[in-house]
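Asker: The residues making up each chain are set out below.
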Amino acid sequence: MADPRFFTKSGSYTLRALAEQVDAEMQNVSDVDMIINDVTTLDSAGEDQISFLDNPKYIPALEKTNAGAVVIAPRNASHAPTGVALLVSPDPYRAFAKICALFYPGAMMPKHVLGTPGMIDAMAAIHPTAEIGEGVTVEAGAAIGANAVIGANSVITANAVIGAGVVIGSDNYIGPHASVTHALVGDRVILHAGVRVGNDGYGFAMSPQGHLKIPQLGRVIIHNDVEIGANSTIDRGAIGDTIIGEGTKIDNLVQIAHNVTLGCHCIIVAQVGISGSTKLGNFVSMGGQSATTGHITIGAGSQIAARGAAMRDVPPGSTYGGAPAKPMRQWLKELVIVERLAKKDDDKKGKKD
Amino acid sequence: MADPRFFTKSGSYTLRALAEQVDAEMQNVSDVDMIINDVTTLDSAGEDQISFLDNPKYIPALEKTNAGAVVIAPRNASHAPTGVALLVSPDPYRAFAKICALFYPGAMMPKHVLGTPGMIDAMAAIHPTAEIGEGVTVEAGAAIGANAVIGANSVITANAVIGAGVVIGSDNYIGPHASVTHALVGDRVILHAGVRVGNDGYGFAMSPQGHLKIPQLGRVIIHNDVEIGANSTIDRGAIGDTIIGEGTKIDNLVQIAHNVTLGCHCIIVAQVGISGSTKLGNFVSMGGQSATTGHITIGAGSQIAARGAAMRDVPPGSTYGGAPAKPMRQWLKELVIVERLAKKDDDKKGKKD
Amino acid sequence: MADPRFFTKSGSYTLRALAEQVDAEMQNVSDVDMIINDVTTLDSAGEDQISFLDNPKYIPALEKTNAGAVVIAPRNASHAPTGVALLVSPDPYRAFAKICALFYPGAMMPKHVLGTPGMIDAMAAIHPTAEIGEGVTVEAGAAIGANAVIGANSVITANAVIGAGVVIGSDNYIGPHASVTHALVGDRVILHAGVRVGNDGYGFAMSPQGHLKIPQLGRVIIHNDVEIGANSTIDRGAIGDTIIGEGTKIDNLVQIAHNVTLGCHCIIVAQVGISGSTKLGNFVSMGGQSATTGHITIGAGSQIAARGAAMRDVPPGSTYGGAPAKPMRQWLKELVIVERLAKKDDDKKGKKD
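Chains as they are written, first to last, in the numbering used here: chain A, 3 to 355; chain B, 3 to 355; chain C, 3 to 355.
In short, the hints are calculated from the structure, not lab data. Predicted model, so just to flag it, every value in this text is computed and none were measured. All C-beta atoms, glycine included, are put in the ideal place defined by N, C-alpha and C. You may find that some hints are simply not true.
Stated by the list, open to error - No more than 27 Å apart at the CA atoms, straight line, and that leaves these computed lysine-lysine pairs for BS3-like: (1) A/K59 x B/K281; (2) C/K281 x A/K215; (3) C/K346 x A/K350; (4) C/K350 x B/K346; (5) C/K346 x A/K346; (6) A/K59 x B/K215; (7) A/K66 x B/K281; (8) B/K351 x C/K346; (9) C/K215 x C/K281.
Said to hold, decoys possible - Have a look at the derived ranges for each label pair, beta carbon to beta carbon: (10) B/G13 x C/P210: 28 to 34 Å; (11) A/I61 x C/E341: 34 to 40 Å; (12) C/A148 x A/Q211: 36 to 42 Å.
All chains, please: the whole structure from these sequences, using the hints.
Answerer: If you want it as structure tokens, here you go:
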């Protein structure tokens with residue numbers, strides 16, 4: 003199903019093998035040794051393919067699927083057509099992810115852009131003092147500065163730029179046109195195309211005579227297993243560092259200002275903006291286009307809804323929404339109150355619509 | 003008027019010739035053969051130049067213009083100074099666009115960045131297995147991967163990256179530092195500088211033990227006549243594709259998540275964010291910084307106002323605003339109600355301002 | 003304190019020398035000739051280092067600091083521990099910025115990315131007709147088009163692209179992957195990584211038959227001492243120019259549409275969007291994620307709060323917030339009124355939380 007121009011499939015599996023790999027219970031299964039050849043969507047699956055249901059919005063697609071097997075949660079299993087084998091799992095999305103990774107292990111960590119992994123291209127510009135680890139790929143047009151260090155098996159793709167002195171750990175993927183300066187990067191980090199790491203933070207002493215630039219003397223520290231989406235920007239600290247905690251996943255076009263600290267395993271959706279010196283605890287999640295002001299703390303495990311704007315500290319474990327952000331229940335209440343008032347006013351005027 | 007360092011003017015035209023080309027009616031014209039030498043603004047135009055009025059905000063500029071001729075709608079014609087020839091058209095903006103294209107045909111589809119169209123630069127990195135069509139330009143620093151296909155007369159500008167296996171149609175313009183991977187691109191497509199096509203969608207199976215990456219096995223399909231603005235990001239599908247319909251125009255810094263489908267001729271203004279698996283019908287328009295949540299449908303012909311945030315399906319032909327987005331009339335009503343309440347409260351306290 | 007891999011410290015200074023340089027008054031000083039070796043944060047400072055206090059949020063850190071000296075405002079001086087020498091200044095942030103610049107003069111204007119300032123790299127692609135001034139640095143992978151002009155001592159870093167005909171003044175820094183086309187740029191301008199200058203503005207004559215591209219025939223004019231953050235986009239004018247006034251500082255991921263005029267010394271924080279033909283006076287400041295509609299004027303000295311959305315002209319010297327933006331006091335009042343109504347409704351139902 004995945005276009006072979008872009009992805010390489012790695013074998014077929016029996017249903018039993020898949021069930022064991024993801025610790026799922028088999029139901030409606032007539033032949034535990036049936037061969038599954040690929041993963042795909044409910045809509046397009048055929049009888050030798052496996053798909054999944056997570057979001058209940060797609061139950062109508064499930065009801066019409068021709069898939070040979072479906073990964074599904076216990077509560078939704080009754081919606082599956084008879085004749086479809088089920089792998090029942092309390093977390094079908096995760097289980098399906100693991101199955102996808104079995105079929106397409108290369109898609110878990112990209113290894114090249116131009117099609118030639120494992121080579122140092124002659125058209126790359128590598129400073130003689132840079133240290134290049136074993137098994138490193140450097141594609142055409144990539145530039146690596148003086149005294150930079152690239153750890154084993156990392157991939158520096160076409161036209162990426164690694165500035166002088168930067169340290170890149172092992173098994174990283176640095177996408178096309180990503181630039182990394184003034185930074186120390188851990189292992190198994192993915193920076194997608196156009197990511198900007200280490201630019202000057204936005205710091206000026208303002209005055210009616212014009213604004214004086216504050217030298218930005220810190221770094222960016224990116225811990226292991228971080229992934230950062232295309233064209234996101236992570237500025238370096240003014241004094242002290244900007245820090246991205248282990249396992250944190252950042253989507254596209256996100257702005258992380260100087261001296262921000264993100265905890266471990268945060269989820270930062272597209273177009274979020276986090277202002278200077280703000281700290282997020284572990285497992286914070288911020289919805290699309292949400293934001294925080296500077297110098298505040300978002301407690302561990304908190305969630306800021308899409309478009310929310312945190313202006314003050316948020317206690318750990320909270321769910322906030324709105325701008326300025328407030329506890330979710332309060333925000334929703336306010337939305338309802340305003341809607342009700344507008345309707346009442348309409349009714350009074352006898353203008354219903 | 004246009005700076006000759008950047009634009010090449012192509013001839014002069016009689017007023018009559020212009021009127022015929024754009025199907026406009028001439029009014030206030032003493033000499034239909036008067037020569038028009040250039041296009042420009044109302045403010046700066048001289049007597050051998052043509053300008054236009056579309057937005058009525060600029061009627062004061064019209065009243066003072068020294069332009070030889072002005073393209074204008076019937077309803078605004080009476081505001082023009084006597085002595086200014088008029089090309090009266092029901093759609094003066096479109097008519098003026100056509101006139102601009104007559105004077106500067108090269109500006110309709112850029113042909114180079116560095117000044118050397120029609121050449122394959124020796125400093126480009128083209129994989130030996132890539133297929134390069136006739137008349138293709140590849141500028142310095144561009145990289146084209148294994149088995150990629152570039153259609154006739156397309157322009158791959160300086161430092162752009164076309165990944166392995168990508169198919170680019172004919173007559174395309176790929177701007178500097180644009181990167182295209184895992185994608186099939188139609189004809190006459192414009193990708194401006196820094197556009198990111200085909201990066202991994204943002205998909206993780208989250209858990210308290212950390213987030214498991216979902217392999218992103220789909221593609222990006224871009225149909226004919228699409229234009230995408232600088233630094234916008236179009237992620238590839240998870241399973242299945244992300245699709246941009248024919249003629250759709252996307253502005254700068256827009257985020258299109260995995261598995262989104264945009265219909266034909268959509269208008270997506272700067273900094274919009276469209277979440278995963280959402281579908282827009284044909285001719286949908288989304289104002290600046292607006293957004294949608296995932297897995298919803300915005301019906302054909304609908305408009306989401308700037309900063310609107312659609313959280314549920316929007317019926318075809320609707321105009322929505324606000325966050326969460328609701329029918330425009332209802333949103334405006336709510337704004338008025340709140341404003342009125344605040345004023346009333348102020349009045350009660352005797353504090354007027 | 004600053005990582006020597008990325009920054010070069012320039013000497014030590016006596017406290018007296020620093021006080022004189024920044025015009026501060028010394029207090030609590032036992033030895034005016036004490037040697038200060040570096041700048042750092044209150045948290046991490048040792049006795050030969052200087053730090054500062056500006057935001058009162060950090061008074062607790064001040065109270066525990068081991069810094070040898072602190073730059074501080076008169077009103078906060080009493081919070082400093084005894085034994086810490088004080089440099090008292092009415093604007094401690096500005097004074098500290100000057101001290102940072104004394105220790106790290108190279109951080110005021112970056113001079114390279116790859117570590118080899120002052121060289122024209124053999125792997126740069128410079129068109130033979132381009133004029134390269136004295137002392138210019140061009141790093142590997144940079145491309146400079148036909149008839150472009152690069153002023154003295156400017157730095158074109160790795161993989162940056164300067165289009166045909168572009169004029170870059172002297173002492174500029176063009177970051178990695180920045181692209182500049184159709185533009186005239188002044189002196190001492192900083193464009194950070196991935197900045198996009200001069201792409202086509204977003205202009206289409208829309209119709210049910212599809213949207214007709216309006217040729218974009220203007221330029222971008224960037225005046226002296228402008229700084230533009232990573233991945234921001236500045237489109238060129240349609241007819242006429244997009245103009246960025248002297249000393250204006252733009253943060254990351256900002257969108258400036260065609261024909262916008264920014265006055266001098268404006269402050270444009272991350273992810274702001276300014277729509278076409280809007281004009282900002284001098285010293286306007288726009289908070290993060292704020293926006294304006296097109297064809298309006300934001301008067302000199304006005305402030306739009308973070309996330310504000312100006313839909314109409316804003317008078318000079320105003321402070322506006324909200325979406326649509328309104329005078330700050332009115333917006334805050336409306337927020338309070340809605341909050342109060344929701345609370346009252348809750349109380350009525352006896353459901354307090």
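Asker: All hints, please: hold or fail.
Answerer: Evaluated hints:
no., hint, in the structure
1, A/K59 x B/K281, "14 Å, holds"
2, C/K281 x A/K215, "25 Å, holds"
3, C/K346 x A/K350, "22 Å, holds"
4, C/K350 x B/K346, "22 Å, holds"
5, C/K346 x A/K346, "17 Å, holds"
6, A/K59 x B/K215, "22 Å, holds"
7, A/K66 x B/K281, "20 Å, holds"
8, B/K351 x C/K346, "19 Å, holds"
9, C/K215 x C/K281, "24 Å, holds"
10, B/G13 x C/P210: 28 to 34 Å, "32 Å, holds"
11, A/I61 x C/E341: 34 to 40 Å, "39 Å, holds"
12, C/A148 x A/Q211: 36 to 42 Å, "40 Å, holds"
The structure meets every hint from the earlier list without exception.
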